[in-house]
Amino acid sequence: MRNPLSKKIVDIQPSGIRKFFDVANEMKDAISLGVGEPDFDTPWRIREEGIFTLEKGRTFYTSNAGLKELRQEICRYLERKIHVSYDPIKETLITVGGSEAIDVGLRCMLDPGDEVLIPQPSYVSYLPCTIMADGVPVVVPLQPENEFKLTVADLEKYTTEKTKILIMPFPNNPTGSIMTKEDLRPVAEFVKEHDLYVLSDEIYSELTYKTQHVSIASLPGMRERTLVINGFSKGFAMTGWRLGYCCGPEVLIEQMTKLHQFAIMCAPTNSQYAAVEGLRNCEDEVEEMRKSYDQRRRFLMHEFARMGLECFEPFGAFYVFPSIREFGMSSEEFATRLLEEEKVAVVPGTAFGECGEGFLRISYAYSLEDLKEALGRLESFIRKLRKEQA
Amino acid sequence: MNEKKEALRIEILKYIEKHSRADLGELAVLLGAEEAEVANEMAEMEKEKIICGYHTLIDWDKTGLEKVTALIEVRVTPQRDRGFDRIAERLYNYPEVYAVYLISGSYDLLVTMEGKTLKEVSRFVSEKLSPLDGVLSTATHFILKKYKDHGTVMVTKKESERIPVTL
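From first to last, the protein sequence lines are chains A and B. Residue 238 in numbering that gives the first Met the number 0 sits at position 239 of the first sequence, with consecutive numbering throughout. Residue 120 in numbering that gives the first Met the number 0 sits at position 121 of the second sequence, with consecutive numbering throughout.
There may be inaccurate statements among the hints.
Straight-line distance between alpha carbons at most 16 Å, and here's what the computed EDC-like set of lysine to aspartate or glutamate pairs gives [unchecked claim]: (1) Lys156/B with Glu284/A; (2) Lys157/B with Glu181/A; (3) Lys13/B with Glu181/A; (4) Lys156/B with Glu181/A; (5) Lys145/B with Glu119/B; (6) Lys209/A with Glu253/A; (7) Lys115/B with Glu88/B.
Partner residues are not named here, just some residues of chain B that face chain A (Cβ under 10 Å, in silico) [to be verified]: (8) Glu25; (9) Leu29; (10) Gly31; (11) Pro163.
Since the hints were made in silico from the structure, they are not lab data. Computed from a prediction, not measured in an experiment: that's the story for all the values here. The C-beta atom is built at its ideal place from N, Cα and C for all residues, glycine as well.
Whenever a hint applies, use it, and build me the whole structure from the sequences.
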């Protein structure tokens, strides 16, 4: 019999630490600081709207690009938040989570051999999606000494004649790093100079602390070369609703809508109606959640300082990314021992690229009580390791 | 009062309204302020009676203690010069009266009170409240079940169904 699988898919490596995840997810008595989604329930107004929509029998497809009402609200929202205006009809597409927009966007932009700059550590889907779109992923390792921000020096090393797209994964999962306007300016200049396009994954844009999120699309001359991807999962605590969107140049959105139509048809109808309510009436709830994350973030930074665990202060998403280099073991080894000996699950930095080695992703999408318990265990583990070393 | 001080005060109040037992050091860390500053503001707000107490929200139904709570609508005749204040004072001085609010709409005062039994509450209404000068009528509603109180849902919350580790 013939092999049912394509060479392309078989060649994509599954995450190397899947075994660790399987163990962590099976360990019922472990405390986890390993999740990538909010601990809050979706705001009730949004859920109630979802229920109401079902009661009203709004169970049919929407137009391929998504409810017009929702696209209009999204454009108003982006105007308010990132100060870029998009046409809701021609420049906006509603997708099944931000993830679909990443996949479809890359498929619509890449020809075989085109190179994609992927800063790492970052979310795991850019690389496989690039390969499936026949592009060539080029990893750009971000430097701890730059607090994992992207710099032009990083880009210069990896940009070639074939480079077409730069992925901008900020606010960043797993490092919590953000790019300020000052950080973005030289990157934008570099992009224009080398005639690149940017796929800006801004799914954590609601969750920044100290400064407001700035989209690279808002910089001069960048709107026409940026695909802005966002969604409701993180800021609105709507992960399971699977709802995202993207805005960008009309030619691109037109083709993305075509592929989206063939592959997906449309995003879930009741999620779309619920999201309209979210954009219209949930600013306060979103802000309350953000404040709550900020408090936990401060608490973690304070505790790390007390324990003497090295960690730069991140101002985005809901992750901190402490260094464990002083213990002389790999991230995976550290995470495995922490899980086995203290029953605390964290994610090894290497899950997000090789350059995450020596770091851990700790999520603060947990109640303060959970964080306290888990940090107490982490502290006793660290003490034990330091004793072993002495 | 400067803006920064006012903002810190609001943040302190919002937090301790839900977590009155938070210790000062922790509160300072969470709010990104100095501990002395937080302590100072709290002491001032206690003095100014902005902070009126540090109470505990208890679900008495889960204990062995018998308790009934009633909401009593009271219609009264306001008094010349003193409006509703005098009659409100006559009411709120009773220890079994839990809260007294002046209400807009079809009645004037809403009184909540606690008693050991229905009988005790009814006796209070018929012997103390109704005969008061100026009270025109009362309507007593007994609370049968508390679903949510002080912004807190009283029914037991479900376990989280989040997958422990996701990327």
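**Message:** Need the list of violated hint numbers for this structure, in ascending order.
**Reply:** Failing hints, ascending: 1, 2, 3, 4, 5, 6, 7.
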